[in-house]
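Trainee: The listed protein sequences derive, respectively, from chains A and B.
So in this note's numbering, the last spot in the first sequence is 188, and the numbers never skip.
So in this note's numbering, the last spot in the second sequence is 147, and the numbers never skip.
I should point out that these hints are in silico values taken from the structure, not numbers from a laboratory.
Think of the CB as a built atom: it goes at the ideal place given N, C-alpha and C, for glycine as much as any other residue.
Among the clues, some could well be false.
To be verified - Below, in silico cross-link-like pairs of lysine to aspartate or glutamate (DMTMM-like), each with a Cα-Cα straight-line distance of 25 Å or less:
hint: 1; chain 1: B; residue 1: Lys27; chain 2: B; residue 2: Asp72
hint: 2; chain 1: A; residue 1: Lys46; chain 2: A; residue 2: Asp83
hint: 3; chain 1: A; residue 1: Lys126; chain 2: A; residue 2: Asp83
hint: 4; chain 1: A; residue 1: Lys126; chain 2: A; residue 2: Asp87
hint: 5; chain 1: B; residue 1: Lys3; chain 2: B; residue 2: Asp32
hint: 6; chain 1: B; residue 1: Lys87; chain 2: A; residue 2: Asp23
hint: 7; chain 1: B; residue 1: Lys87; chain 2: A; residue 2: Glu76
hint: 8; chain 1: A; residue 1: Lys46; chain 2: B; residue 2: Glu80
hint: 9; chain 1: A; residue 1: Lys46; chain 2: B; residue 2: Asp91
hint: 10; chain 1: B; residue 1: Lys87; chain 2: B; residue 2: Asp22
hint: 11; chain 1: B; residue 1: Lys3; chain 2: B; residue 2: Glu80
hint: 12; chain 1: B; residue 1: Lys3; chain 2: B; residue 2: Glu107
hint: 13; chain 1: A; residue 1: Lys126; chain 2: B; residue 2: Asp146
hint: 14; chain 1: A; residue 1: Lys126; chain 2: A; residue 2: Asp94
Said to hold, decoys possible - If you want the footprint, here are the derived chain A segments under chain B, 3+ residues with CB under 8 Å:
hint: 15; stretch: 19-25
hint: 16; stretch: 50-57
hint: 17; stretch: 118-132
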Amino acid sequence: MRNVMRASDLNGLPVVSIASGEDIAEVRDVVYDAERHALIGFTLNKRGMLAGRLDGVLSAASVAAIGADAVMVDRESALDGLDDSPDLLERIEDAIPVIGNRVVSAEGNVLGEVVGVIVTTGSSAKAVGYEVDSADRSDSVFVPISEQMVLSGDNLLLPERAAELIRNDLTGFGAAISASDEMGGDQR
Amino acid sequence: MTKDSFEAALGRPVVAADTAEDLGIVKSFVVDQTGSRIVAIHVAGRGSNAEIVPWASVRAFGADAVVAEGADAREPASSERDVMAAKGQVDAIGSRVLTTAGFSSGEVQNIFFDAGTGALTGVLTDEGEIDIGRVKSLGSYALVVDA
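Okay, chain A solo, but in the shape it has when bound (with noise of 0.2 Å):
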């Protein structure tokens, strides 16, 4: 089974090198692309008190494995590659926001709105979905990530098959994102 985890709980998470078991940075936040539902990387702060932010990205290629604990990579030098490329710093730039989208089924029905993404654990860590908050905050739901989405940073619309893999708990949802993967699914 997969394990999945809500991106916004890495920030804050040391950042490790395998080679030499020091903690080099921690996760300052997730930079994301919505309108590719893909996790670009993380932007990163030096560790330690008074610390100040390390300028570039840390690319989600470049990472060895994300845990619950930490985010692993193979040495220090990972952080010598940051990526702060005009084009990158534009493409974050110009993102719609996916957060705060009112979600709509293919059938009309409003579930919510856009209150966080989900990432997997593990070596190749990637968005998978999207925690929606109901209208009155009374409860949450999980929906799978699909290219069939679409996102207008009003909105964001549901293909017709979402709705069989949304779980009320995040636990089921990764076992069911799992499950939908091992039969072939389109989840990225």
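With chain A's structure known, arrange chain B on it following the hints.
Mentor: For chain B alone, kept in the frame of chain A given last:
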């Protein structure tokens, strides 16, 4: 192979082979960054005033005492690794265990080693034993082990 452990060896007197004088006691161990062997024994002083005996100068690591090659085997901690260990920044015992997948996996309670060679042979955590082959590194933040 004579199996020994960090926990059992702490406090053991360190004696010079040439003069028979006490050089100190086993206060802690300096382990290399890959977590594979003991590189020195911290025998006296603390922090930047710490004194160590390099493993290469250990003639015998016995069950009751450690015999060093000579009185001049004791030297000030000079390498960054020695100083960090002497300050307690890199201390295997009590270290957090982190898997290469980014999950915590308990805390180190004891380390086993071959008294003849200084090679580490196993790690005991509050969650069970870890085969030394799984250890990737020991740093100030964690002992990293294969998931």
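Trainee: With reference to the structure, classify each hint as holding or not holding.
Mentor: Structure-based check of each hint:
no.	hint	result
1	B:Lys27 with B:Asp72	holds (18 Å)
2	A:Lys46 with A:Asp83	holds (16 Å)
3	A:Lys126 with A:Asp83	holds (18 Å)
4	A:Lys126 with A:Asp87	holds (21 Å)
5	B:Lys3 with B:Asp32	holds (19 Å)
6	B:Lys87 with A:Asp23	holds (17 Å)
7	B:Lys87 with A:Glu76	holds (22 Å)
8	A:Lys46 with B:Glu80	holds (21 Å)
9	A:Lys46 with B:Asp91	holds (23 Å)
10	B:Lys87 with B:Asp22	holds (22 Å)
11	B:Lys3 with B:Glu80	violated (28 Å)
12	B:Lys3 with B:Glu107	holds (21 Å)
13	A:Lys126 with B:Asp146	holds (21 Å)
14	A:Lys126 with A:Asp94	holds (21 Å)
15	19-25	holds (count 5)
16	50-57	violated (count 0)
17	118-132	holds (count 3)
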